[in-house]
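Model the full structure from these sequences, guided by the hints.
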Amino acid sequence: MKKSTINNAYDQMFKDYPDILDVDQMSAMLGVSTKTGYKIINDGKILCIKVGRAYRIPKINVIKYLRISLCKW
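Start counting the sequence shown at 0; every next residue gets the next number (numbering that gives the first Met the number 0).
Keep in mind that the hints were calculated from the coordinates and are not lab data.
Just so it is clear, the structure is predicted and the values come from calculations on it, not from any experiment.
Ideal Cβ placement from N, Cα and C applies to all residues, glycine included.
Any given hint might turn out to be false.
Listed next, the in silico DSBU-like pairs over lysine-lysine satisfying Cα-Cα at most 35 Å (straight line) [said to hold, decoys possible]: (1) 38 <-> 14; (2) 49 <-> 34; (3) 14 <-> 34; (4) 49 <-> 63; (5) 63 <-> 38; (6) 34 <-> 44; (7) 58 <-> 44; (8) 44 <-> 63; (9) 44 <-> 14; (10) 38 <-> 58; (11) 63 <-> 14; (12) 49 <-> 38; (13) 49 <-> 14; (14) 34 <-> 63; (15) 58 <-> 34; (16) 14 <-> 58.
Computed beta-carbon distance windows for the label pairs [what the hints assert, rightly or not]: (17) 41 <-> 7: 29 to 37 Å; (18) 68 <-> 34: 29 to 37 Å; (19) 4 <-> 34: 29 to 37 Å; (20) 4 <-> 50: 28 to 36 Å; (21) 44 <-> 18: 16 to 24 Å.
Here you go:
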């Protein structure tokens with residue numbers, strides 16, 4: 000599958016999500032529990048920013064994670 004096709008698919012799938020996500024939104028995008036979302040962040044698999052006690056995740060980082068995961072299949 001072409002890279003541009005994958006990017007367009009992700010753009011359509013996640014167009015309703017904001018550019019900066021919290022852990023709940025990221026977990027919903029990935030279809031995992033919030034606990035698993037925190038594990039992904041703590042394992043360093045998705046780069047994020049910690050603001051106080053909360054994590055903020057750029058949507059593009061979630062998409063990059065999905066693309067990397069897709070390549071491993």
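These are the hints, each one checked on the structure:
no., hint, verdict
1, 38 <-> 14, "25 Å, holds"
2, 49 <-> 34, "17 Å, holds"
3, 14 <-> 34, "24 Å, holds"
4, 49 <-> 63, "19 Å, holds"
5, 63 <-> 38, "17 Å, holds"
6, 34 <-> 44, "14 Å, holds"
7, 58 <-> 44, "14 Å, holds"
8, 44 <-> 63, "10 Å, holds"
9, 44 <-> 14, "22 Å, holds"
10, 38 <-> 58, "17 Å, holds"
11, 63 <-> 14, "15 Å, holds"
12, 49 <-> 38, "14 Å, holds"
13, 49 <-> 14, "24 Å, holds"
14, 34 <-> 63, "20 Å, holds"
15, 58 <-> 34, "19 Å, holds"
16, 14 <-> 58, "10 Å, holds"
17, 41 <-> 7: 29 to 37 Å, "31 Å, holds"
18, 68 <-> 34: 29 to 37 Å, "18 Å, violated"
19, 4 <-> 34: 29 to 37 Å, "32 Å, holds"
20, 4 <-> 50: 28 to 36 Å, "34 Å, holds"
21, 44 <-> 18: 16 to 24 Å, "20 Å, holds"
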